[in-house]
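Start from chain L and add chain S according to the hints.
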Amino acid sequence: MRIAGKRISANRAKSWLVLIPAVVVAFYFIWGFAAYTAYLSVSKSTFLPNHEFIGASNYRELFDDARWWVAYSNMFIFGGLYLAGCIALGVSLAILLDRLTRNESLFRTIYLYPMSLSLVVTGLAWQWILNPTIGIQKLVRGAGFEDFKFNWVVSPDHAIYTIAFAAIWHGTGLIMILFLAGIKSTDPEIWKATRIDRIPPWRVYFSIILPQLRATLLTAVMLLGFQVVRSFDVVVALTDGGPGYASDVPARYVFEYYFQRGRIGQGAAGAVVMVATMIAIVLPYLYFEIRRKEA
Amino acid sequence: MKRRGIKGALLYASLFACAVYFLAPLYVMVVASFKTLAEVRDSSIISLPTVWTIEPWIKAWSTACSGLECNGIRPYFIATFEIAVPAVALAVLLGALNGYAMAKWRSRAADLIFALILIGSFVPLQLYLIPLAVTLRELGIYGTSFGLVLIHTAYGIPLTTMLFRNFYVSLPDELMRAAIMDGAGFFKIFRSIVLPMSGSIAIVAVILVFSGIYNDFLFALTFGETGKRPIMAAVQNLVASSYGIKEHNVNIAAVMISALPTLLLFLATGKFFVRGLTQGAIKG
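Going down the list, the sequences are from chains L and S. In terms of our numbering, the first sequence is residues 517 to 811. In terms of our numbering, the second sequence is residues 39 to 322.
Simulated from the structure, these hints should not be mistaken for lab results. If you're wondering where the values come from, they're calculated on a predicted model, not measured in any experiment. Mixed in with the good hints, there may be bad ones.
[Claimed, not checked] Calculated Cβ distances over 10 Å to all of chain L for the following chain S residues:
| id | residue |
| --- | --- |
| 1 | E77 |
| 2 | K97 |
| 3 | T101 |
| 4 | R112 |
| 5 | P124 |
| 6 | A127 |
| 7 | I179 |
| 8 | P210 |
| 9 | P234 |
[Unchecked claim] Short derived list, chain L residues pointing at chain S, Cβ under 10 Å:
| id | residue |
| --- | --- |
| 10 | S531 |
| 11 | R615 |
| 12 | N619 |
| 13 | L622 |
| 14 | L635 |
| 15 | L640 |
| 16 | W642 |
| 17 | I645 |
| 18 | I652 |
| 19 | G658 |
| 20 | A682 |
| 21 | L690 |
| 22 | I780 |
The C-beta atom is built at its ideal place from N, Cα and C for all residues, glycine as well.
Same shape as in the complex, but just chain L (with noise of 0.2 Å):
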């Protein structure tokens, strides 16, 4: 007994040995660089990390930047939009393709294949296609409606829209593909039952099996919103945030901030706002989560 004790406890030693690395990943790299980058937004830092401490002064300068609050209003609207298209889209994917009797996975295929791109590749692509000397407004004019206009992509007032639209074309299959596996896993017997009662199927759907998906909502939410507040490449491939900084987000005002402003102590006050906003983000998820587990 005493000898198999033993080796127990050698082989506990032995499994925190191999945990060292996810020890140094979990306080290094991601709560000792959180801490820091923290500190620095309260510090004099410029072009270089300087540990003066100057209290909340770069938030102050944060916030009185209207190129900040475009950049963070523009993250609400991308994300509304963003969110509202993969989740329709990607719903109503689900339940065409569950509805669908053959050819099903050559469909999933072709919504879901986007997934596997970058979104620098996404960016670019749409880069081509909204492209107004090139892409839709061209090949509409070529078509005979030469006073078509479509140049959302260099407008300040439409170009945030045309990176919804790319990101939505990247997105959706991933939403699609949870409800596709929510709907199925859903009792099968529904369907007997609702035959029997002659009740449409689109009823059964919106009425019965999608209400049971509250959890599979949710998850798609939290994925896509955490997306939104990272969101970056496809915003530098697709419009650079530009015209001027009219499409401009705030991952990609902080990555200017550090890196070509030399104004490291407020961009990484600009990184700390989109964690604290992600945070509210989570926090009705985590409330959500505890009250249904205790019920």
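The following block gives chain S in isolation, referenced to the frame of chain L:
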């Protein structure tokens, strides 16, 4: 019977309409990449090339200029693999070991570490950039491919650990107990029992981590080695740089080349890819 016919037609019409939306960007890129520059400028984006040419692909691969360098995207393409292969190997191996230690040798502390790295994997990476720059400079590997291997390994570990841990939790504990009775130790159990059963989850992890590293832009842009930047930063730079005339067909061929590895990986391993995405999504 007739009603079903109409409904079936509607169903397929909707599916085809959506398929057009999803396939259109790929289609216009493919046709443009086979056109001459003159034809790209003059023809419509949806027309097929009148003369098919692979010249843009060749130029994009070997002689197109990105900034002042005119070696095409080949050096960046190769550099990306030189970074991705060791980083994937390290992140997957360490993730498997960590997952095994967390799932099968559970302790409260291990659970805490798991929670800490899991939360961290959601955070916007902007939070890590400056500390990373400082760390890499201290280590003398700032702006080198080696630095990127380190970064991708470190930030790959949360994902791989999560995948393996959740997979190993479902393995029966009896196997472990029997092995301990037979005198097998921590590493012996891992090698002879756990690892042989990890095939499918290892494939999922490799696909997911590789795609993530290959498609990475932010780290590539920030920490890439001059002349050997990873592909996404290079191709974005190629398209955005405005020296001379814009050779759209060459740029698009470059974008296509950069898109091919993960696209082919997806087409070849669709099942695992989807499994990885949904697992990474739901549990992560």
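Outcome of the hint check:
{"no.": "1", "hint": "E77", "verdict": "holds (12 Å)"}
{"no.": "2", "hint": "K97", "verdict": "holds (17 Å)"}
{"no.": "3", "hint": "T101", "verdict": "holds (20 Å)"}
{"no.": "4", "hint": "R112", "verdict": "holds (18 Å)"}
{"no.": "5", "hint": "P124", "verdict": "holds (15 Å)"}
{"no.": "6", "hint": "A127", "verdict": "holds (13 Å)"}
{"no.": "7", "hint": "I179", "verdict": "holds (15 Å)"}
{"no.": "8", "hint": "P210", "verdict": "holds (18 Å)"}
{"no.": "9", "hint": "P234", "verdict": "holds (18 Å)"}
{"no.": "10", "hint": "S531", "verdict": "holds (4 Å)"}
{"no.": "11", "hint": "R615", "verdict": "holds (6 Å)"}
{"no.": "12", "hint": "N619", "verdict": "holds (8 Å)"}
{"no.": "13", "hint": "L622", "verdict": "holds (9 Å)"}
{"no.": "14", "hint": "L635", "verdict": "holds (7 Å)"}
{"no.": "15", "hint": "L640", "verdict": "holds (5 Å)"}
{"no.": "16", "hint": "W642", "verdict": "holds (6 Å)"}
{"no.": "17", "hint": "I645", "verdict": "holds (6 Å)"}
{"no.": "18", "hint": "I652", "verdict": "holds (8 Å)"}
{"no.": "19", "hint": "G658", "verdict": "holds (5 Å)"}
{"no.": "20", "hint": "A682", "verdict": "holds (9 Å)"}
{"no.": "21", "hint": "L690", "verdict": "holds (6 Å)"}
{"no.": "22", "hint": "I780", "verdict": "holds (6 Å)"}
In summary, the structure agrees with every hint in the numbered list given earlier.
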